[in-house]
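Peer 1: In case you want the letters, here they are:
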Amino acid sequence: MQEAPPVHPMADGIANRTSGTVGGTALSLRGLQKRFGETQAMRGVDLDIPSGQFVAVVGRSGSGKSTMLRLIAGLEVPDAGTIAFDGVRGERGGDLRMMFQEPRLLPWARVLANVEVGIRDADKLRAGALAGEVLREVGLESKQNEWPAALSGGQRQRVALARALVSRPRLLLLDEPLGALDALTRLSMQVLLTQAWSRLGFTAILVTHDVTEAVALADRVLIIEDGRIVQDVAVREARPRTRGSPTLATIENSILEELLTEEI
Amino acid sequence: MTAVSTVRKARGSRLRVGDNLVPWLLPLLILGGWQIAAMVGLFPARMLPAPTSIVAAGYRLLGTGELQQNIWVSFWRAAVGFLIGGGIGFALGLANGLSNLSARMTDTTLQMIRNIPHLALIPLVILWFGIDEAAKLFLVAFGVFFPIYLNTFHGVRGVDPQLVEMGRIYGMNPARLFWRVIFPGALPSIFVGLRFALGIMWLTLIVAETIAASSGLGYMAMQAREFMRTDVVMLSILIYALLGKLADLCAGLLERLTLSWHPAFQGG
Ligand SMILES: Nc1ncnc2c1ncn2[C@@H]1O[C@H](COP(=O)(O)OP(=O)(O)O)[C@@H](O)[C@H]1O
Ligand SMILES: [Mg+2]
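Protein chains in written order, with the numbering used here: chain A, 1 to 264; chain B, 265 to 532.
Careful, some of the hints might be misleading.
[Stated by the list, open to error] According to the in silico footprint, chain A covers these stretches of chain B (three or more CB under 8 Å from chain A):
| # | stretch |
| --- | --- |
| 1 | 419-432 |
| 2 | 439-448 |
[As the list claims (entries may be wrong)] Straight-line C-alpha distance at most 25 Å; calculated SDA-like pairs for lysine to any residue:
| # | chain 1 | residue 1 | chain 2 | residue 2 |
| --- | --- | --- | --- | --- |
| 3 | A | 143 | A | 113 |
| 4 | A | 143 | B | 526 |
| 5 | A | 124 | B | 439 |
| 6 | A | 143 | B | 439 |
| 7 | A | 124 | B | 530 |
Just so you know, these hints were derived from the structure itself, not from any lab.
C-beta atoms are modelled at their ideal positions from N, C-alpha and C, and glycine is treated no differently.
So that you can see chain A by itself, here it is in the shape it has in the complex:
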């Protein structure tokens, strides 16, 4: 099944989707600015993300990546500029979910109850069933009665992923959620994330410091420097992708080069 061609020229990575998707939010940022005291963290960001696109954001630490996500999530209020969701200004609603570097699970709730935190009021009656189903998808069905303290770091982050996915979000913001995981756990999380994205069709914005990861997962990689988007790189490689394929390697190298020249 072919989706209607998105307006954005860089969106052709989302061709091979399965049916049954809820689709993704189209985002549009205009002239976004944010200052914290003396620090100008966002210096006028303009960005259009079509529905269902997978965007990766890379940049040195302190360049404003988290600030951009937090502005989109409504956790910070912009000093200037606008954010529109599907063309409507400021309507976030329950369609938005966010994952952080820390799993941020409630230590006093068991795994299943933690996943239920993500469920919308409309689905409250089926909460248990829905949460169980998503836990199965992330491979943690057997852990549903455990306390978070009894899980490994990777398992906790998978519970956080289940919590984010259980409401079938249309926009998923990911602020380095894989950053603290070991290499192998990271790879399996990447697979889970890609599968969920292809199945549900949400728009994803992934902040990462791993350029290989950005290139392997995303349709498009943004490089942020000092509160501005300085590069917007399309990754036109069909999925499923082969890690380290020549095309991906070339894109990765050019991004790394850009990041390294910023150093001076």
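With chain A fixed as given, assemble chain B with the ligands onto it according to the hints.
Peer 2: Then chain B with the ligands, alone, in the frame of chain A:
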């Protein structure tokens, strides 16, 4: 504690029964020695009556109904004073923890009042209330207020802001945010305050009943002193200890039930 239990496990089950008895050996020995010393007349009964005569005194007072009556009066004062002082402390702790405005308005004042040792108020309280029930309730309430207030306040303030942010972004309304995130997060600290307050509660009551009362365990002890009934004095002291232990056990049980998620309460 974990190290000890590991060692115990390593030594196998053969010694378990003996191991559980070990902590009780010394108290039993002391009790036995005390009884014998009293029986051979090492101390005059006026100074230190035998354990058996204390038991007998308890039995006698149970018969007349005096003991139950006084225990009930003391328990009632403890409970009501605790509920009043603890309730206000808890409410103010929550309010100041949740609202900066409320904290700015009241916290400095409360910190100033905190420097008054509550037992120093006894003369004033007697002037105000006489030796009425209100005097005891006031002192107990005043005493338990601060540990509950301070620990509730700090508990709420100490809740992980990242979890609060998560709750907000996952669409929790203020009530849900409170019950699902803030209250459970503050609970370990609230329990610290609760335990502390229970200790203060008994201490205050003992002093207040000894100085200014016409009923209750402390009064019973003071009356007995007048008539040189050391056995009844000792009985009152032991019952105070027992009630204190009971309150602590209840708090511990409640804590274990509600904090079962906490790593400190797991695996036991
Ligand atoms: N809440 C805040 N208060 C003060 N400064 C902040 C705050 N959040 C971010 N900053 C500053 O804004 C800049 C961008 O931060 P951030 O967006 O977190 O960067 P990144 O996620 O790319 O590492 C940094 O200089 C950081 O110190
Ligand atoms: Mg960041």
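Peer 1: Could you run down the list of hints and mark each one as holding or not?
Peer 2: These are the hints, each one checked on the structure:
1. 419-432: As far as the stretch 419-432 of chain B goes, the hint holds, because 6 residues have Cβ atoms under 8 Å from chain A.
2. 439-448: Result for this restraint: holds, n = 3.
3. A:143 - A:113: Distance ~12 Å between residue 143 of chain A and residue 113 of chain A Cα, so the pair holds.
4. A:143 - B:526: Holds: residue 143 of chain A and residue 526 of chain B sit about 17 Å apart, inside 25 Å.
5. A:124 - B:439: With a Cα-Cα distance of about 16 Å, the restraint between residue 124 of chain A and residue 439 of chain B holds, given a limit of 25 Å.
6. A:143 - B:439: Violated, at roughly 28 Å.
7. A:124 - B:530: violated (30 Å)
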